[in-house]
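Modelling step: build the complete structure from the supplied sequences, incorporating the hints.
Protein chains in written order, with the working numbering: chain A, 1 to 229; chain B, 1 to 830.
Keep in mind that the hints were calculated from the coordinates and are not lab data. The beta-carbon is built from N, C-alpha and C at its ideal position, and this holds for glycine as well. Hints may contain errors.
[To be verified] When the alpha-carbon atoms are kept at most 25 Å apart in a straight line, the in silico PhoX-like pairs for lysine-lysine are as follows:
no.: 1; chain 1: B; residue 1: Lys221; chain 2: B; residue 2: Lys74
no.: 2; chain 1: B; residue 1: Lys187; chain 2: B; residue 2: Lys527
no.: 3; chain 1: B; residue 1: Lys299; chain 2: A; residue 2: Lys76
no.: 4; chain 1: B; residue 1: Lys592; chain 2: B; residue 2: Lys619
no.: 5; chain 1: A; residue 1: Lys127; chain 2: B; residue 2: Lys6
no.: 6; chain 1: B; residue 1: Lys592; chain 2: B; residue 2: Lys544
[As the list claims (entries may be wrong)] Stretches of chain B that chain A covers, calculated by requiring three or more beta carbons in the stretch to come under 8 Å of a beta carbon on chain A:
no.: 7; segment: 286-300
no.: 8; segment: 400-410
no.: 9; segment: 737-745
[Unchecked claim] Label pairs and their computed distance ranges (CB to CB):
no.: 10; chain 1: B; residue 1: Leu446; chain 2: A; residue 2: Asp83; range: 50 to 58 Å
no.: 11; chain 1: B; residue 1: Ser746; chain 2: A; residue 2: Glu196; range: 50 to 58 Å
no.: 12; chain 1: A; residue 1: Ala125; chain 2: B; residue 2: Asn286; range: 34 to 42 Å
no.: 13; chain 1: A; residue 1: Ile26; chain 2: B; residue 2: Ala805; range: 46 to 54 Å
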Amino acid sequence: MSRNIVSVQNLSKQVNAVDRESGKTIDILTGVNLEIKYAESVAIVGASGSGKSTLLGLLAGLDEASAGEIIIHQQKLSQLDEDQRARLRSESVGFIFQSFQLLPSLTALENVMFPLELQGDASAAEKARQLLDRVGLAERYAHYPRQLSGGEQQRVAIARAFVTQPQLLFADEPTGNLDKATGETIINLLFEMNREKQTTLVIVTHDDTLAQRCDRCLLLQDGKLQHAE
Amino acid sequence: MLNDIKLGARLLLRDWHAGELKILLLALIISVTSMSSIGLFIQRIEGAMLDQTGQFLGANLILESSREISEEIKQQAQQDQLDSSHVISFSSVIVANDQFQLSHIKAVDDNYPLLSEIRISEQLYGDEVARSHGPARGEVWLVPRLFNLLGIQLGDQIEIGRHQLTVSAVLKYDPGQAFSFMSIAPKLLMHIDDIEATGIIQPGSRIKYLLALAGDEAQRKTFSQWLTPRLEQSQKLLGGTEGSEAVNSAMQKSKQYLSLAAMLSVMLSGIAIAMAANRYGERHYNQSALMRCIGAQQKNIIRIFTAQIVIIGVIGCLAGIVLGYITQLGIVALLAELISSELPAATLWPLFSGFLSGMITLAGFSLPAILRLKSTPPLKVLRDDLAPLSLSLWLVYGLAIGSIISVMWWQSGNLQLTLMVLLGTLVCVLALYIISSLLFRACNTLIPLLKGPWKVGLQQLLRHKQRNQLQLLALGLSMMVLMLIFLIRNDLIIRWQQQLPEQAPNHFIINIQSDEVAGIKSFLAEKNVSTEGLFPMVRGRIEKLNGVPIKETVADNAQLDNALRRELNLSWNDQMQQNNSLVEGQWWTEDKIGKPYISIEDGLAQRLGVGIGDSITFKIVDEEISASILNIRSVQWDSFQPNFYVIFSPDIINDYPVTYISSFYLPKTEKQTLNDLVRVYPTVTVLEIDDIMNQVKAIMQQVSTTIGYVMLFVLFAGLVVLAAALQSTIDQRMHAATIMRTLGASKAFLSRTQFSEFIILGYLSGLLAVIATETVAYGLYTRVFHLGFELHLSLWLYGPLLSSALIFGISRFYMRKVTRLSPARILREA
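Right under this line is the structure:
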């Protein structure tokens, strides 16, 4: 049990129907059970609307479950309030998003420094430079996101995700906004760095090539985990 | 914590090029600049006015006594470090060339005058020169009229009592001439050391001993507090405001106009700050969601964004007070010609208070946006449609209104005016909201009738109804403030000045005895001098309120009130004077006449804390007489008509010793009439107040010029609000326009669409603004400034048109990119 970094038991998520007056709820996730080991890479695949992103949001503690339990690092998320979950994220979780989510008013370097600065890390700039060098953007420190290509922006995002040395990294369709060739480079980079840093990787994706590179692939269908390979 | 502040500062620096921070800063700077410069200016002008009033007395305080002033008092004045000067004043006959003439003689020591200067000339019709002292021993200075009456020339000898003195100068202006009602024209100035030689002072002579004092406010206060309880029956203490209600009243109104202008610019800047802060908040939802996603706690978010606001606040407020100081110097320099005397230096207080007020405004208007940021759900990074929880409207509006009330009240020191402006604004916002809903609905029915760009423009306006309605409100509100300030400058102040007509009374006659009333009336009628009438005057002191001695009932500060320190002039009348107006209660009807009722001035009633039905006991001569308040009047003190704090119903105090007072206008060329009057009625006293009148006129002029400059601030603030309001929706408008261009709309089509959209928006907000302006103006005119109200037709005609042009112009500036850049680039940058 202690080998698991993530453990999910009977997880459900319901949301209110769009027309609230009907009082109906829609089940997004029902009875999801899942265990993820340290340093494992797991892909969650499924059609649009199957609940992938919702699951990711719940795993990262960004959202609250309707029922069931998520345990990360032996901590039950349901017992933490939003600020405690934030601290957990700050200490051990990194993110990569489909739409990069770089702050437009910050340069590449500043974007990578940002999580460290939030933690009050005095050597933020140095660490950020190292990471940017590692993702091949040594020449791009001072560029703003709008001056970078999609692939470059995602590299910045990868550098930002790894800069705090998280044990758990969540990626939401990391190649979704990129062309095939760029996507592949990004995937290679992601897995290389994952190996180097011994990070646990949880990827939500449509992309079969990406899914196949993972140790394990989970299919989410109609809110249920159908089978695990 | 320190880390969050540093981070906040760093993010702020990096975020600088985003427009809304500049708007926020600009709005803040304008607000603080206008508050501090007006604050400084009011303070300096007020100081100057006080000095000038002092100059009318030639002193700050005057102790008047019919017996020689005791050593104890003189020593106390010395101990309180007040400058002092001794004056003896009496009436006596002077003789020259076998001509006899009753004159008012003022014998002064070497310190006289303590403040201001005496002006004399060395030829009868020569140029004036200023002197900081009175005549030397053996010399006298005479007013020009005495030269004519006695048929003498400079250098001649005159006799006062047993003493011969040389006439060495023509007395043109004596700073002590305006105080109290005691100077009998014509006047003569001599040295106090010559008095003994005249042998005039005998036991029983009617003589006034004056101790004139000058010092700063604290010294004066200490001394008056010491002296007041020790005053004898025969003594009275005259303060700096004595006999100058007109100047005070003008001063008060000036302050109200200036405060009003400052208030409007504070309010406008507040709106601009709120809008900019709101947009700032909206633009940072993503940032704060991301921050929370990567581990920032709510308190970090609050600290980071609060640090940013505080930094902007400090920079903006500091810049504002520096600019405020410079601006104030500029205003003073521009007004140099109008302000006769050197203005006293300002203290740092207005700067400090401007700084603090700026911070409070910023906090009140931007905190809601920040508080909202902290509640951004971190899930927003995955789902863009999520928005932070809305804050309770009570909190948002409570903070904003709370901060603006406190700042406006603090800055103006006038709660009534603050509430009036604010209430007017709130009512207007509500009305504007309703009217704008109706207007939008009306526009909806217009759409099928329109074509091309006009149709698209109007459709765009209506599509985002709620957002545009808010924008319309903001635009309408700022246009309203601009129109209000325009009205104040171009209508209110001019009407105020007109209240003091060219022929406002410039002379008072007092000490008229009952048996002289009929004679003087016919004398004046004969000379074609018109008066409002002769008013009876009985001296009395307030003793008790509702049967309780005044010293026990009234707060300490009110006890320093002139009305309590000295005897009041009480009058009676069966009708109310024209320049008075009832605030509360009714004027007496037939059945109330002859019963103990009084009418009291509203200011005095307020200071005494009395209302209708309360009873006041007066001490007249040695008798006590009680009367109850039937009504409360407001008095237009700057009308230069005789006016009274307390008026009795007829037949109540008629049997006490009474004198009459009147006022009239006499052009400078007909001063001879005064000689005739005094010859026939030698015991009456004529007061020439041309100088006070000129001072009041000068104040009015100063204020109207100053408001002109303040108007510029308000205009700037207004432009910033307009810019903020337009900027808040510019992203969406750009996006829509870009999509239209991508779909093949021509530049010309887009220009015309924008043109129609903004012209309509501008016209509608202008129209709303006119409606709101007239509503607020009605309140201001009738309640605060007591002026008649009429609709302003030109405002209805030009207001909406100007608003259209202004809003179109600003929007052109912001939207210029849409037509200039390629759609691809705009889409990418968005």
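Evaluation of the provided hints:
1. Lys221(B) x Lys74(B): 16 Å, holds
2. Lys187(B) x Lys527(B): Given that 25 Å is the threshold and the Cα spacing comes to 24 Å, the pair holds.
3. Lys299(B) x Lys76(A): 23 Å, holds
4. Lys592(B) x Lys619(B): Distance of about 22 Å is within 25 Å: holds.
5. Lys127(A) x Lys6(B): 18 Å, holds
6. Lys592(B) x Lys544(B): 22 Å, holds
7. 286-300: Check passed, 13 qualifying residues.
8. 400-410: violated (count 0)
9. 737-745: violated (count 0)
10. Leu446(B) x Asp83(A): 50 to 58 Å: 53 Å, holds
11. Ser746(B) x Glu196(A): 50 to 58 Å: At 55 Å between Cβs, range holds.
12. Ala125(A) x Asn286(B): 34 to 42 Å: The hint (34 to 42 Å, Cβ to Cβ) is violated, given that Ala125(A) and Asn286(B) are roughly 23 Å apart.
13. Ile26(A) x Ala805(B): 46 to 54 Å: 52 Å, holds
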